[in-house]
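K.L.:
Residues per chain, in single letters:
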Amino acid sequence: MAITISDHAIPRPPLSARLSTPQVWGIVLLAPYLLVFLAFVLYPVGYGLWLARHPQSYVELYNDPIFARAAVNTLIFLVIGINVKMLIALFLSGFFVQQRHWIRWLSVLFILPWAVPSIPTILSVRFMLNPEWGVVNHIIFSLTGDDGPNWLNDPTVALTMAIGVHIWKSLPFWTLILMTGRLAISNDLFEAAGVDGASFWQKFRYITWPSMRTLYVTCTLLSMIWTLGDFNSVYLLTGGGPADLTHVLSTLGIRYLRLDQLNLAMASIVCALPLVLPLVYFMMKRLSR
Amino acid sequence: MKLPTLREIGTEAKLLLIGIPVLIWTLVPIYHMFLFAISPKEDAFSGKLWPDHPTLHNFEIVFRQQHYFLRDFWMQFGNSTVIALATGALTLFIATAAAFSISRLRTPGGRAVMNLALFTYFIPAAFLAVPMYRTMGNYGLLNTHWSLILAMVTIASPYAIWVLKQASDKLPVELDEAATMDGATTLQLFRLVYVPLMMPSLVAVGTYAILLAWNEYLYAFLLLSKDTDITLPVALGNFLAADDSPWELLMTTGFIYALPPAAIYYVFKRYMVGGLTAGAVKS
Numbered sequence: 005m006a007i008t009i010s011d012h013a014i015p016r017p018p019l020s021a022r023l024s025t026p027q028v029w030g031i032v033l034l035a036p037y038l039l040v041f042l043a044f045v046l047y048p049v050g051y052g053l054w055l056a057r058h059p060q061s062y063v064e065l066y067n068d069p070i071f072a073r074a075a076v077n078t079l080i081f082l083v084i085g086i087n088v089k090m091l092i093a094l095f096l097s098g099f100f101v102q103q104r105h106w107i108r109w110l111s112v113l114f115i116l117p118w119a120v121p122s123i124p125t126i127l128s129v130r131f132m133l134n135p136e137w138g139v140v141n142h143i144i145f146s147l148t149g150d151d152g153p154n155w156l157n158d159p160t161v162a163l164t165m166a167i168g169v170h171i172w173k174s175l176p177f178w179t180l181i182l183m184t185g186r187l188a189i190s191n192d193l194f195e196a197a198g199v200d201g202a203s204f205w206q207k208f209r210y211i212t213w214p215s216m217r218t219l220y221v222t223c224t225l226l227s228m229i230w231t232l233g234d235f236n237s238v239y240l241l242t243g244g245g246p247a248d249l250t251h252v253l254s255t256l257g258i259r260y261l262r263l264d265q266l267n268l269a270m271a272s273i274v275c276a277l278p279l280v281l282p283l284v285y286f287m288m289k290r291l292s293r
Numbered sequence: 284m285k286l287p288t289l290r291e292i293g294t295e296a297k298l299l300l301i302g303i304p305v306l307i308w309t310l311v312p313i314y315h316m317f318l319f320a321i322s323p324k325e326d327a328f329s330g331k332l333w334p335d336h337p338t339l340h341n342f343e344i345v346f347r348q349q350h351y352f353l354r355d356f357w358m359q360f361g362n363s364t365v366i367a368l369a370t371g372a373l374t375l376f377i378a379t380a381a382a383f384s385i386s387r388l389r390t391p392g393g394r395a396v397m398n399l400a401l402f403t404y405f406i407p408a409a410f411l412a413v414p415m416y417r418t419m420g421n422y423g424l425l426n427t428h429w430s431l432i433l434a435m436v437t438i439a440s441p442y443a444i445w446v447l448k449q450a451s452d453k454l455p456v457e458l459d460e461a462a463t464m465d466g467a468t469t470l471q472l473f474r475l476v477y478v479p480l481m482m483p484s485l486v487a488v489g490t491y492a493i494l495l496a497w498n499e500y501l502y503a504f505l506l507l508s509k510d511t512d513i514t515l516p517v518a519l520g521n522f523l524a525a526d527d528s529p530w531e532l533l534m535t536t537g538f539i540y541a542l543p544p545a546a547i548y549y550v551f552k553r554y555m556v557g558g559l560t561a562g563a564v565k566s
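Chains as they are written, first to last, in the numbering used here: chain A, 5 to 293; chain B, 284 to 566.
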């Protein structure tokens with residue numbers, strides 16, 4: 005009996021005594037980020053999901069032709085745009101690793117689209133494509149005597165141009181990343197293959213590609229996630245027009261937000277989650293290794 | 284001097300055949316912007332490759348705010364600067380503290396926090412913007428600079444923490460042990476050992492956050508609205524509202540706005556490429 009009483013009488017040491025000083029500091033130093041995460045990620049995401057809870061929003065979304073069009077546009081942007089971009093980046097990374105003085109200088113200039121903010125350059129492209137005053141149609145007129153097309157007034161052409169702007173902006177970054185991958189391959193392999201009489205294509209097929217495959221796939225997936233959030237290329241070039249036919253999911257969400265249809269905005273984002281979450285899961289596994 | 288063989292000339296020609304289109308593709312939009320900036324209004328629309336009378340008059344108009352669209356230029360330039368610097372400073376503080384805690388102090392739960400940060404890093408920014416806008420409204424921060432600064436810190440810090448954690452994992456544990464043996468407190472360890480050794484990565488991360496905030500359009504456009512509150516990219520976007528926008532002035536302003544980040548990028552290129560791209564994609 006007495007034993008049980010004394011058992012109860014021993015209080016657990018207070019929290020401060022069980023933690024060593026470094027551990028206390030560890031928690032204190034982690035706190036600022038945790039606060040930011042709770043206030044500006046967890047709360048907004050939770051609140052957004054709560055707003056998107058009504059099935060009615062999804063019915064409305066389903067009946068909105070602009071949403072279907074935006075979903076298709078997003079897929080075109082991702083499947084065609086990203087793959088074209090990554091293939092060019094893979095090709096150019098092979099070009100930029102060549103040891104030439106002028107190629108080194110070219111690579112310094114080549115980085116510019118990535119180093120400058122996207123807004124002024126996208127607007128610059130928008131003006132170039134202006135049907136009446138733009139320099140592109142000026143050149144077409146002086147060469148052929150015919151008026152050039154109204155570039156951004158055709159949804160297919162306008163979306164293609166938006167993809168082009170996206171590629172222009174992010175190609176240097178991916179080329180740079182793939183270059184580091186190529187430079188990591190030992191030169192001995194290529195020399196040995198050269199002695200054995202391997203062709204250019206064979207060297208790529210049997211040496212370069214096997215060692216870069218993982219990097220290439222990772223880059224493609226990462227680029228897909230980032231491109232889903234690319235608002236500027238479409239919004240500043242076409243504004244979603246003509247007739248809201250060139251929206252992608254990122255600009256559509258903002259469009260609903262501007263129209264004060266917050267539930268639709270969130271519902272359209274929730275519809276993209278089945279595509280986003282597997283990509284995020286895959287990338288997290290890659291990076292937290 | 285050895286004369287180049289036919290084969291060498293062939294290789295060089297093939298390389299040039301790739302290099303020249305790449306150069307043109309890269310420079311055309313930027314050159315077009317520059318051309319507008321140095322052209323008088325009447326030359327700007329003539330489609331020439333070089334204006335007949337190049338001038339710096341457009342820059343003078345912008346700097347003196349002598350146009351309706353430009354009446355708050357310096358104010359907006361200041362807003363962009365303040366927001367970029369504040370984002371850089373706050374991100375550095377938060378990310379360095381978190382990385383030190385996770386990587387050096389091995390705080391329990393640190394791994395989980397790292398995963399939360401990585402998860403945030405992978406949410407497409409335009410998707411987070413919608414609920415973020417409402418959240419800022421709920422907090423009563425809409426139309427204040429704090430809303431944009433905090434939003435940018437939220438977006439910049441996950442990657443910053445990840446890069447810093449990768450870098451600090453490489454520092455030998457013996458350093459911390461030796462310093463602790465000599466009686467250094469945790470805070471001294473942080474201030475006198477950790478921060479000086481991490482300097483190159485800190486420069487890279489700070490630059491990254493500053494450029495991110497300076498370049499941001501979407502969040503700035505959503506969270507700020509008053510003409511005297513907005514940042515330069517939003518002001519540039521507002522030019523589009525009118526049909527008779529003065530393109531040459533828009534391009535001049537855009538050129539001025541693009542210069543600081545380009546300069547910063549080239550000055551810190553060493554750090555940026557080493558510190559960021561190496562960590563960007565781990566193969």
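Calculated from the structure, these hints are not laboratory results.
Among these hints, one or two may not hold up.
[Unchecked claim] Just the calculated beta-carbon pair ranges, DEER-fashion:
1) B:E460 / A:P59: 55 to 63 Å
2) A:P246 / B:L286: 43 to 51 Å
3) B:E460 / A:I92: 44 to 52 Å
4) A:K207 / B:V365: 16 to 24 Å
[Stated by the list, open to error] 30 Å max Cα-Cα, derived DSSO-like pairs, lysine-lysine:
5) B:K324 / B:K453
6) B:K453 / B:K297
7) B:K509 / A:K289
8) B:K297 / A:K207
Nothing here was measured: the structure is a model prediction, and the numbers come from that model.
Glycine is no exception: its CB is placed at the ideal position from the N, C-alpha and C atoms.
K.L.:
Compare the structure with the hints numbered earlier in the document and write down the numbers of the violated ones, lowest to highest.
P.N.:
Those not satisfied are hints 2, 4, 5, 6 and 7.
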